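J.: Fit chain A to the supplied structure of chain E, relying on the hints for placement.
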Amino acid sequence: MFWISLLSVRTRWKLFTGLIVVVVLGVTMLAATGQMLLATRDASLVRDQIGAGRFEAASVVVRAQQRAHIPTDDGETTFDYAPLLLEARRVPAGLGSTVDAVPGVRAVALDRTFSATLVGGADGTRAGHGWSSAALAPYRLTAGNEPRGRDEVVLDAGTAAAQNLEPGDRTQVITLGGVRDVTVAGVAQGPGGDGRFAAPAVFFPDQVAAELSGAKDFVDAVGVFAEDGVAAEALAEQLRAALGDQSLVVVTGTDKLDPATVSDYTSAVTDSGSFLAITALISAFVSVFVVASTFAFVVAQRRRELALLRTVGATPKQVQRMMIGESAIVGTLASLAGCVLGAIGGQVLAGLTVSFGIAPPGFSAPVAPLALIVAFLVGVGVSVAGVFAASRQAGKVAAVEALRQADVEQGVMTRGRWLIGIGFFALALVMILLMARVGGEASVVFAIVLTEVLVVALAALAPLFVPPLVWLLARPLSAWTDVTGLLAGANSRSAPRRVAALAAPILITVAIGSSMLGVIATTSATAAADARAHLSAPFVVTASSGAGLPQDTIGRMRSIAGVADVAGVVQTNGWAPNLGEPDQVTMGVADPKTLGTVFKVAAASGSLDAFTGSTVVVNREASGLLGWTAGQQTTVYLGDGTAVPVTVAAVLGADAGLPDVLLTPEIAAGHVHDPLTSEAYVTLAPGADLDDVRDALAELPGVTVATSEEWLSSQSQNSQQDNLVAIALLFGMAILYTGISIANTLAMSMGERTEEIRLMRRIGATGRQITGVMLGEIMAVVLVGVVLGLLVAVVTVVGVWRGLASTGAEAVMDLPLLQLIGVVATCVVIALAGGMVPTMRALKVTAAARPAE
Amino acid sequence: MFGTRGETTAPVGRSLGDAVTLMDVTMNYGTKYAVVHAVRQVALGFGRGSMTAVMGPSGSGKTTLLHCAAGLIRPSAGQVFIGETDISRLDEDSLARLRRSRISMVFQAYNLLPALTAEQNVMLPLRLAGHKPPSSQVIDALRQVGLADRAKHRPGQLSGGQQQRVAIARALITNPEVLFADEPTGALDVHNGREVLSALRHLVDVRGQTVIMATHDPMAAACADRVVFLSDGVVVAEQRQPTPESVAAKLAALGG
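Protein chains in written order, with this note's numbering: chain E, 95 to 947; chain A, 33 to 288.
Calculated from the structure, these hints are not laboratory results.
None of these values were measured; they are calculated from a predicted model.
Some hints could be false.
[Said to hold, decoys possible] Partial pick of chain E residues on the chain A-facing surface, computed with a CB cut under 7 Å:
(1) ALA201
(2) ASP358
(3) ARG856
(4) ILE857
(5) THR860
(6) GLN863
[Stated by the list, open to error] Non-contacting residues of chain A with respect to chain E, defined by C-beta distances greater than 12 Å in every case (computed):
(7) GLY77
(8) GLN111
(9) ARG121
(10) ASP125
(11) ARG129
(12) SER133
(13) GLN169
(14) ALA183
(15) ASN224
(16) ASP237
(17) ARG272
(18) GLN273
We put the CB at the ideal spot given by N, CA and C, even for glycine.
Okay, chain E solo, but in the shape it has when bound:
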């Protein structure tokens, strides 16, 4: 029977072209997203992408050991946990001359890295360096000259271009010491010009840099240039021997780059990795779903042909074997093509994620054979599996069907459909029940899977929904149109299997797009509601760019008439022991006196009054995770690795948008390099005029003033905006694919309908009327897909809402109508565009059959 397979592929090329398109694109999507995902997981690959960065030209770099030592006891063994420091450790500046004296050293350059952000710039917080460290990269001046005066800076080319600054221009830089007015002395081109990752850099004269770093007698690193003929490795050995200090590391090669920059980059890549994992998951689901349903659809299209084979004596087994043979041929060829396209697609997609700001600049996805092999196997596997299920049914096609006129579809709801539909529906129910227990964050993860489970369930049960939905549409349609509405309605109702198959890609697109939008809107609305409930300050002041507000600015805010107090939380990171194992936690340094005046937070246990000296306050969620209770003695590890024994003063009754652990300024002093406040909450003295205070606050350089209400809504908008960009990319890819498959499936469905359209022509239907009928049928398909897709989205969002509500916070359900309309409208447009293909073909059908037929 294999020869028949080959022949059918040749003769039914239209149908098979459709299949090939779907498989090729599906495998392309799988391979591309798979490669991206692997690229984010491959640590050495990620490390290579940034190289040695600012230390490229140095032979050797000497810096302090950047690992914390946290003794750990998990109950069975004790070991030393040595995570990378979260606040960099520095070395004494005097080390420079010690190093310089070592034989083989030609020169040294000291590197200071500290917080400096251009007002209006959004990039990198720790961009400040002294000009002498520019030689380590090297940065070469492309315009202007080196910084000489106290208020002169040199910018890296990328930062200058982004802000449109040239030598001679004046701008402001936010530093720890306050906002400085500076003049751009020059622009320098550093490493990263070749498209690789380049951190932004602002160079000050060395003297100024020493002051701004907040630690005049310390430097971050000593860069070493070797004498001619001295190998970097040999020099490093010599330096290690000469220095003999265990707290120092002497590094070469890509290790020269400071661990903080590396971890910034890798965590940016890892962050994009979790998004890409979702992308890969969804694109895998979409392609498997579309490929399987397209194959099943093709089998249904060929019922008569199969029945004919049965009349000439083919057994059901033979028919099944033939169909599987065909799909193996189609699947293999198409998957191969998909892998080739996917190899290219991975690079394109990596470029897109960078330009969308999802992945950091410099990220790329090289061809990964593993991803290609998996995508290929999935492509072939799904092609064969999709046909396997359908062909068992098809093999049983009665021989007499070949002779029977195509009529109203019978027995559409097969046992398989009922089983899958009810099974997945039950699974969805279980998931929804579980979501109410697992809490907010987990329920969002659940939601992604829940959407897909519901899509499968509804796609299987879709034929049940076709007649009532079409009836709803056909009533107004037949009233407004002449007979076309009636015809479109009757055609659609009599072919629920066809309509369901056509609606499937729309269903999945609408379901995924709307669910994601709804889930994101609901989680951010809930977070905003939580913050709103706990914020009592009328104004929130933020830095207009990057890092945060320096202490100097906070001080100036306090001195404004009408301001009662200014409270802010300085953000840092550290570790807290959790059942013996240290967990990384977010930490905030807060003034105990003002904590209660700006936040409406109450202690669930303990007292905020006890929050003085060596005590900490923990928020609700973290207390649950860490198992802390009020009054408990424990040890926290600050970002620079310092262990601090503390008492838990209070457990907060809510999260209120605060960091996990709040520290008193006494604990944190000297351990946080960048004591910048991301948000300052301003309370007013009694009788103060709101507008006056606002105006006065707004006059401070480098700040953005918002009422707490404005701030909250911009916060939730920002988080939604970030997500929307990601969704746009993901959705764009999915909708392109489903759009093509809609057009494709519609075009394939035309084959069997030529006779029907010819008959309409013969009875006297004009081209306009045939177009009308086709449009009506496409609308029926769209309606079924959109209604079922929205149903999936609503159920998913309700599930997440219940999950969020289970954490005790006030959960707010939000379905962003405009965005949903956008999703639906896009699908409608795509479906109509896809419908153009078969409509054009329908219009070509003439009343007379061609003699060839």
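T.: For chain A alone, coordinates are given in the frame of chain E:
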């Protein structure tokens, strides 16, 4: 020219009594390699209120002739008149309007839209023309073919003969000047075929309907008032008041 008894030559030119007139109609199907002359210089008139059968062996061009006469295809040369209208010059949409107002067609198979009931199928041409016929008119048309009680059935629930009769009822609903039938009994058994033929004959006798039918079945042709024989795209003979035997004999002589 073909001067045997009961046969006359085809009339040349137009007669006022004719519902359909073909004037020197030629139809070629050109491929890249060869031109096939399906119909060559046929001149024929079909009288009003009569039933004419077009006969000939397979490939003789009878279906092409019928399609030209009904305006389904445009002839390569020559003119086709329905009454006074030269339809060989009309565009596709004008032809569509003509098909739903002045002429009707019944085919060998696939005459009915499977998704519609008998009643909906019958009213379809009028609905396409923008009219909404009273259901009495639809039932009346079905009654004329003896199927008033099957109005709500879908094609799949009707026998082959019943489906053809629904197609005839649909053909009648527009009160067409001419009803074309292309092998209307071709897919039916003898019993069902007879049902369809008597329905057609009934229309001619009772309503004075003009019917033009292509067939290769002598039994069917014998129901007509006149039989035109085609061979290789040319009219070669004609019989009036045919009998199955005379038609069969002529056909045998033509090698069909």
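J.: Next, verify each hint and record whether it holds.
T.: Against the structure, the hints:
The interface hint given for ALA201 of chain E is broken, as the beta carbon of that residue sits about 82 Å from the closest beta carbon of chain A, more than 7 Å. Interface hint at ASP358 of chain E: violated, since its Cβ lies 63 Å from the closest Cβ of chain A, which is beyond the 7 Å cut-off. Given hint, ARG856 of chain E at the interface with chain A, holds; its Cβ is 6 Å from that chain's nearest Cβ, closer than 7 Å. Evaluation of the ILE857 of chain E hint against chain A yields a held restraint, the C-beta minimum of about 5 Å falling below 7 Å.
Because the closest C-beta pair between THR860 of chain E and chain A is about 5 Å apart, less than 7 Å, the hint holds. Using the Cβ-Cβ criterion of 7 Å, the hint placing GLN863 of chain E at the interface with chain A is satisfied: the shortest such distance is roughly 6 Å. For GLY77 of chain A, the requirement that its beta carbon stay farther than 12 Å from each beta carbon of chain E is met, with the minimum near 22 Å. No beta-carbon of chain E is positioned within 12 Å of the beta-carbon of GLN111 of chain A; the least distance is around 18 Å.
For ARG121 of chain A, the non-interface assignment is confirmed: its Cβ lies about 16 Å from the closest Cβ of chain E, beyond the 12 Å cut-off. A beta-carbon of chain E is positioned within 12 Å of the beta-carbon of ASP125 of chain A; the least distance is around 5 Å. Under the 12 Å C-beta cut-off, the non-interface status given to ARG129 of chain A relative to chain E is violated; the minimum distance is some 7 Å. Distance to chain E contradicts SER133 of chain A as a non-interface residue, since its nearest Cβ pair spans about 7 Å, not more than 12 Å.
With a cut of 12 Å on Cβ distances, GLN169 of chain A stays outside the contact zone with chain E, its closest approach being about 15 Å. Its beta-carbon lying about 15 Å from the closest one in chain E, ALA183 of chain A satisfies the requirement of being farther than 12 Å from that chain. For ASN224 of chain A, the non-interface assignment is confirmed: its Cβ lies about 14 Å from the closest Cβ of chain E, beyond the 12 Å cut-off. With 12 Å as the threshold on Cβ separation, the claim that ASP237 of chain A sits away from chain E holds: the shortest Cβ distance comes to roughly 25 Å.
Every C-beta of chain E lies more than 12 Å from that of ARG272 of chain A, the closest at about 29 Å, which supports listing it as non-interface. Even its closest Cβ contact with chain E, about 31 Å, leaves GLN273 of chain A beyond 12 Å, as expected for a residue assigned away from the interface.
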